[in-house]
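The listed protein sequences derive, respectively, from chains A and B. Start counting at 1 in the first sequence, then tack on 1016, and there's your number in the working numbering. Start counting at 1 in the second sequence, then tack on 40, and there's your number in the working numbering.
Rather than coming from a laboratory, the hints here were simulated on the basis of the structure. Hints may contain errors.
[As the list claims (entries may be wrong)] Take a look, some chain A residues computed to stay more than 12 Å from chain B by CB distance:
id: 1; residue: Ala1055
id: 2; residue: Gly1081
id: 3; residue: Gly1245
id: 4; residue: Glu1313
id: 5; residue: Pro1384
id: 6; residue: Pro1385
id: 7; residue: Glu1541
id: 8; residue: His1556
id: 9; residue: Tyr1558
id: 10; residue: Ser1559
id: 11; residue: Thr1570
id: 12; residue: Leu1611
id: 13; residue: Ser1721
[Claimed, not checked] Estimated spans, in silico, between C-beta atoms of each pair:
id: 14; chain 1: A; residue 1: Gly1348; chain 2: B; residue 2: Glu526; range: 19 to 27 Å
id: 15; chain 1: A; residue 1: Trp1729; chain 2: B; residue 2: Ser558; range: 48 to 56 Å
id: 16; chain 1: A; residue 1: Trp1479; chain 2: B; residue 2: Gly341; range: 57 to 65 Å
id: 17; chain 1: A; residue 1: Gln1377; chain 2: B; residue 2: Pro762; range: 32 to 40 Å
id: 18; chain 1: B; residue 1: Tyr535; chain 2: A; residue 2: Ser1113; range: 54 to 62 Å
id: 19; chain 1: A; residue 1: Arg1106; chain 2: B; residue 2: Tyr535; range: 50 to 58 Å
id: 20; chain 1: A; residue 1: Thr1653; chain 2: B; residue 2: Tyr535; range: 17 to 25 Å
id: 21; chain 1: A; residue 1: Gly1348; chain 2: B; residue 2: Gly474; range: 57 to 65 Å
id: 22; chain 1: B; residue 1: Ala290; chain 2: A; residue 2: Ile1618; range: 15 to 23 Å
Built from N, CA and C at the ideal position, the CB exists for glycine as well.
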Amino acid sequence: MLASLTPPITLKLELDVLLLGVTFLGLLTRLGGIQFPKAAVFDEVYYGQLVSLYVKQIFFIDESGPPLGHMVLALGAYLGGFDGNFAWNRIGAEYPSNVPVWNLRVIPALAGALCVPLGYLLVVELGYSHHTAFVASLLLLMENSLIVQSRFMLLESVLIFFLLLAMVSYLRFYKLWSFASVVPSSAGWAWLVLSGFACGSAVGVKYMGLFTYLLLLGLASVHMWQLIGDRNLSTVRSGAGRLLALVLIPVLLYLGFFYVHLTLLYRSGPHDQMMSSAFQASLEGGLARITQGQPLEVAYGSQVTLRSLSSKPVPCWLHSHKANYPIRYENGRGSSHQQQVTCYPFKDVNNWWIIKDPGRQNLGVSSPPRPVRHGDIVQLLHGMTSRFLNTHDVAAPISPHSQEVSGYIDFNVSMPLQNLWKVDIANRESERDIWKTILSEVRLVHVNTSAVLKLSGASLPDWGFRQLEVVGEKIYKGYQQSALWNVEEHRYGRTEEQKEREVELQSPTQTDVSRNLSFMARFMELQWKMLTVKSEDSEHKYSSSPLEWITMDTNIAYWLHPSNNAQIHLIGNLVTWVLANIALAGYGLLTLIYLLRRRRKIEDIPEASWDQVVQAGIVCAGGWAVNYLPFFMMEKTLFLYHYLPALTFQILIIPILLEHLYIHVLRNQFQRQVFGGVVLAVLCLVFLVYHIFSPITYGYPELSSDQLSGLRWRESWDILLRKR
Amino acid sequence: MHKAQSVRGRGGTVVRNRKAYMDNGYTDAPVNPAKKPSNPSVSTGRHNQTYALMFVVILSFSTRFFKVMEPPHICWDETHFGKMGSYYINRTFFFDVHPPLGKMLIGLAGYLTGYDGTFPFIKPGDKYEHHNYLGMRGLCAALGSCLPPFAFLTVLELSHSPAAALISAALIIFDTGCITISQYILLDPILMFFIMAAVLSMVKFNRQISSPFSPSWWLWLILTGVNLSCALGVKFVGLFVILLIGLNTARDLWIILGDLQLSLVDFGRHLLARIFGLIVLPMFLYTTIFAVHFVVLNRSGPGDGFFSSSFQSRLIGNNLHNASMPEYLAYGSVITVKNLRIAGGYLHSHWHLYPEGVGARQQQVTAYHHKDYNNLWVVRRQGDGEDSGAPDLVRHGDIIRLEHKETTRNLHSHFHEAPLTKKHFQVTGYGINGTGDPNDLWQVEVCGGRKGDLVKVLRSKIRFLHLSSHCVLHSSGKTLPKWGWEQVEVTCSPYLKDTPNSQWNIEDHINPKLANISLSVLKPSFLEILLESHIVMIRGNSGLKPKDNEMNSKPWHWPINYQGLRFSGVNETEYRVYLLGNPVIWWLNLVCLGLYVVMVATASVSLQRGLQLDEKRREHCRVLMQGGGMLFLGWLLHYLPFYSMGRILYYHHYFPAMLFSSMLTSITLDTFLQNSDLLFNPATAQNLKWGGRALLSIAFLYSFYLFHPLSYGMRGPLAHDPSSSMANLRWMDSWEF
């Protein structure tokens, strides 16, 4: 009895030792001395800004990814008591004492360290031996690029952590379930739920996580499909359970991240102007301070600023100033020489316009105020210059197919005043809807020519002070944001006198009503903005194209010591990269051969092994493909570190292929011994390369120029040499 | 036979359906084809099908040829393709982003009908007057008229249901969009003809599976291949149908491989036959098309500058054709320098500075594809010393200045990052009248040469090494923004690896002090020309970027028929033609796509659950999943790739996908109507089946009656004017007719 019990216990002990061992080594390599260098390293300057904004609870938009990643980093800052006061303007800038470097870097480093045991577990879950898993974790452990990326305040390691976690927990669930072959136990459900959480978190850190999530969903649907075929089982419960865990949890989690994000960041900040007026009004400070308590209904005599709904190229307000269109443009075309009307991206007293009833003379709001409704005809009077908004059959300065818009000046040249505009509320609920501050999206349709007031998107030359061109669009099609305007600042005008009015325009608005946007509305707007804001896709000195990643033809210099040659580079372990490529190709070839031979009913390996080959292929080769191939479609600036999630999956193929060869291809003991020796030698080689490159992975010790040149194993690597 | 079959082996549920089953003249797929002719009921079915096909053909031709000569002026892209047709007649070389077959056919049709190629095709709206354009439009209309019969035959082959076949033909016949796009001198009807012909041949070929290597098997295989090469020869969109047929063939081979009764030798024969018919033959035909293209167009024309020096020397009238110029590069020569990257431009500069914030504010240096006096440079010595008497030749390793002839600035580089390729340095024009600074010095190196070698004009590959910053003159191939007039960026690359991007050749060489020698430039081989012209075409295609202010058509607009294209006329008084699909048909297609997915999901889940289905239902499932699946895949392949295209997109790009969608609709609707007894009681189902068909016919005809002015021309007020006769047809605000 005792004898039969002993072996499993020792086996279990061995597993734990290996796993614990690699975990410990992982922590050692990733967490050791992360306070060094005490200076901003590469993209830390970018994430640091966002962390500072989080700590100060100031609203921002970051198009690079959903908020969870930044929140995780900010959590570190919060725990370290960071006050957010650092400029984050230059790579290599020394951190002052108020920046808790260790706290900022520890979470990504921890996530990076845990990727090592997760890699181990994933290989085990795929049905391979613990030795194979050990090799896998060693390869991940000694991968210089993963180490570099984990040791700083960057997000890739967090992403990889969640991706691996999602896969491991799903496979664990599947295994538990298929062993039980009935509806899984509560432990099984727990793994499934964990998988759902990990998927949601991965997508929450970076959009790239979405592709691995889809892969996992695909795998789950194949499993589900097999389940449907099994008529002995009631599929409803277990199907609904999976759907709930793998779809609903990630979606809710994703929404939850945004909820926390929007709740935390309640103060107005630098990116306010990219959002709609309604959104801005929901933030504390900024526009809210101005608009809080504005009258809701626009009335005759209202003083308003009109903001274009389109924020391309920049958000701006309808504007005019005391300067006329030049009589002749550079290309010889003529203009009306009337006052310029433009769109101006800054707050200015010249952005104020007065809504006037064409039938009356007075410019103040009557009591009670007469609201302007959809379909009403109005005139728009420029507050500071008292010119009417006018358009006529004269070609616009930059877009000659459209009409010029001007502030009317009567030069007595048979150019009549055409200043009547029809108010067309695009998002109206009824035909007699009232024009509302901030909420209504209004088209201004010119009565004489039926042209629509529109932001053309072009900027005027020097004579127009580089402000944006506003035109009357004669052929107006569909729904265009550039032709819609909303009232942003608003007050009821009181005075008739021009001088007094000017004073009034300069003074801030005030009254009291407040408006709130629902969470979903804010979420939708923010998400849409994040997906559509175009960052400049210009090239960076260290940017690269996806094709260069496979062979690591490129590197990134992360940090250079201000006075000596010590430096940190993102360079991977070349041996591992080459091996991973070979393994991937070999694995593909092997699978293809098996596939074709099986089609002819020649079975080289048992059915169970074949299933294992397929599953490992889907998870590892598939994981590599979904994390790599989408980059070919992307137009944004790409860097080598984008390849790391794909690389992690690719590395796992090496030991899997090795075990497969060891068991199924090598026939006799001698071959196997030789094979084992080769594997050992290769591992030593991997360690050697890790060791050689560790000075530029960890940033110390400092190397001499000759040693640095010696590390330039590829012509295309940029290693920095300080000239003495 | 049917009756016997259906009664035998079926339970009570089947008897209920028997009538429905019998009266649609339905023939079972698994019936051995050899037995067919002996069966009288099948042969009447055949007759009916022939009549139906003739009916489709007549309707199709009459709708397409009605008013084909109207309007008698250039409509929309006729200005391009008509012009290119004329170029073939005049044998003038031009550059276009599409492969040549379509334009060659247009040119041929014009030539055969007596058009002499003299009409200039300047802009849309120009009157044709006495020029004969019937042939060109007629060709397009005739090919466009073949689409409904092809759809009919394809669907008939896939579903064996004449009703479905008729629906698919009707969807295309009565679609105003398909009519309009077939009536003008455009590439689309030609392209769609070949796409549909390829699909039809493939479907016919699949049917021959039981008699491999028979004459008809070979015939359909070869026809598939021929049509594929022609489709690709018209537009690169043909790649999508190649992909479709490739996937189908792979599936086919997979089935054959799994058939253990066939030996591997048999499999090898199948494989080789397909490689021959679907790869080798199409490639041969495709290159033949290009061979004809290059042989016909042997005169210099507007497209020369896009091509390399050696390519240009083939063209009669080009200055490199039988060129005569000094053989070796010398100081004081006026030269043009061409980048050796395939389809590289000429080294160019002009009186414009780099804008603020882009490196140093000095004069721009770019690469430019057109021949222009701003491409001229003068070779100067290192010092300012004027050339004396006898000209000196430039040798490998010499240090020179290149002075821009028009602006007298020197080619210059310095440690500022280049405008787009940030890893490289900026190249500018600097100094005045040849006086600059040491950063203007470049070392000339002949690739593979040694010190002292002379530089041969046209033949030597040379590179310019910047002396002080040790980088090479490089053309990145990236297009500069508006400030750079969308010309190509030129940089100085610190990576000294030899790539064609950093190699140049001297093209023009003018030096009055040297004797001109007649140079026979190395004639390029046909394969080089082929490769070069493809790279030029692909670059041209991706270079068609949407302009900032232009209203851009997005792929999601298309299936919902969001917005059409103006073919002719803008104002009230003009004769207006507007390319817009018949909304009833398009929206029906859209609904049926959804319906199809639901039906296939239902069918496959019930099959996976092992539901016992009778013969008829199983056949319907097969039609839905295999026939419908192929069409659905065709729709996806012709539609989804547009989402990832960066180039400018137009509404008419959707038409090939729309054809697949229409065929899918017919199969979906027909299967739905035939299986409506699953949802309703038998009597209702029977009524629904006939009522549904009648309703469809009425809907097609009536909507066609309503919208026919879109295709056949309209005058009078625009539709947004309430007084217009089209006013209540403007169902969407975005339509602009």
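Against the structure, the hints come out as follows:
1. No beta-carbon of chain B is positioned within 12 Å of the beta-carbon of A:Ala1055; the least distance is around 23 Å.
2. For A:Gly1081, the condition that its CB be more than 12 Å from all CB atoms of chain B holds, with the nearest at approximately 21 Å.
3. With a cut of 12 Å on Cβ distances, A:Gly1245 falls inside the contact zone with chain B, its closest approach being about 5 Å.
4. The non-interface label for A:Glu1313 is consistent with chain B: the shortest C-beta to C-beta separation is roughly 27 Å, beyond 12 Å.
5. Once the 12 Å rule is applied to beta carbons, A:Pro1384 is consistent with being away from chain B; the minimum gap is 36 Å.
6. Distance to chain B confirms A:Pro1385 as a non-interface residue, since its nearest Cβ pair spans about 32 Å, more than 12 Å.
7. With a least beta-carbon separation of about 20 Å from chain B, A:Glu1541 lies farther than 12 Å from that chain, consistent with its non-interface assignment.
8. With a least CB separation of 6 Å from chain B, A:His1556 falls inside the 12 Å interface cut-off, contrary to its annotation.
9. Look at A:Tyr1558: its CB is around 8 Å from the nearest CB on chain B, not clear of 12 Å, so calling it non-interface is violated.
10. Once the 12 Å rule is applied to beta carbons, A:Ser1559 is inconsistent with being away from chain B; the minimum gap is 8 Å.
11. With a closest Cβ-Cβ approach of about 10 Å to chain B, A:Thr1570 is found to fall inside the 12 Å limit, against its non-interface label.
12. A:Leu1611, annotated as away from the interface, has a beta carbon of chain B within 12 Å; the closest lies near 10 Å.
13. Chain B leaves A:Ser1721 outside its interface by the beta-carbon criterion, the shortest separation being 18 Å against a cut-off of 12 Å.
14. At about 23 Å, the CB distance of A:Gly1348 to B:Glu526 agrees with the hint of 19 to 27 Å.
15. For the pair A:Trp1729 and B:Ser558, the beta carbons lie near 51 Å from each other, so the given range of 48 to 56 Å is met.
16. Remark: the range hint 57 to 65 Å for A:Trp1479 to B:Gly341 is contradicted by a beta-carbon distance near 42 Å.
17. Between A:Gln1377 and B:Pro762 the CB atoms are about 34 Å apart, so this pair conforms to the stated range of 32 to 40 Å.
18. Between B:Tyr535 and A:Ser1113 the C-beta distance comes to about 42 Å, which lies outside the given range of 54 to 62 Å.
19. Between A:Arg1106 and B:Tyr535 the CB atoms are about 27 Å apart, so this pair departs from the stated range of 50 to 58 Å.
20. The beta-carbon spacing between A:Thr1653 and B:Tyr535, approximately 19 Å, falls within the hinted interval of 17 to 25 Å.
21. The hint said 57 to 65 Å for the Cβ distance between A:Gly1348 and B:Gly474, and at roughly 34 Å that hint is violated.
22. Distance hint check: the CB atoms of B:Ala290 and A:Ile1618 are about 20 Å apart, consistent with the given range 15 to 23 Å.
Of the numbered hints given earlier, the model fails hints 3, 8, 9, 10, 11, 12, 16, 18, 19 and 21; all others are met.
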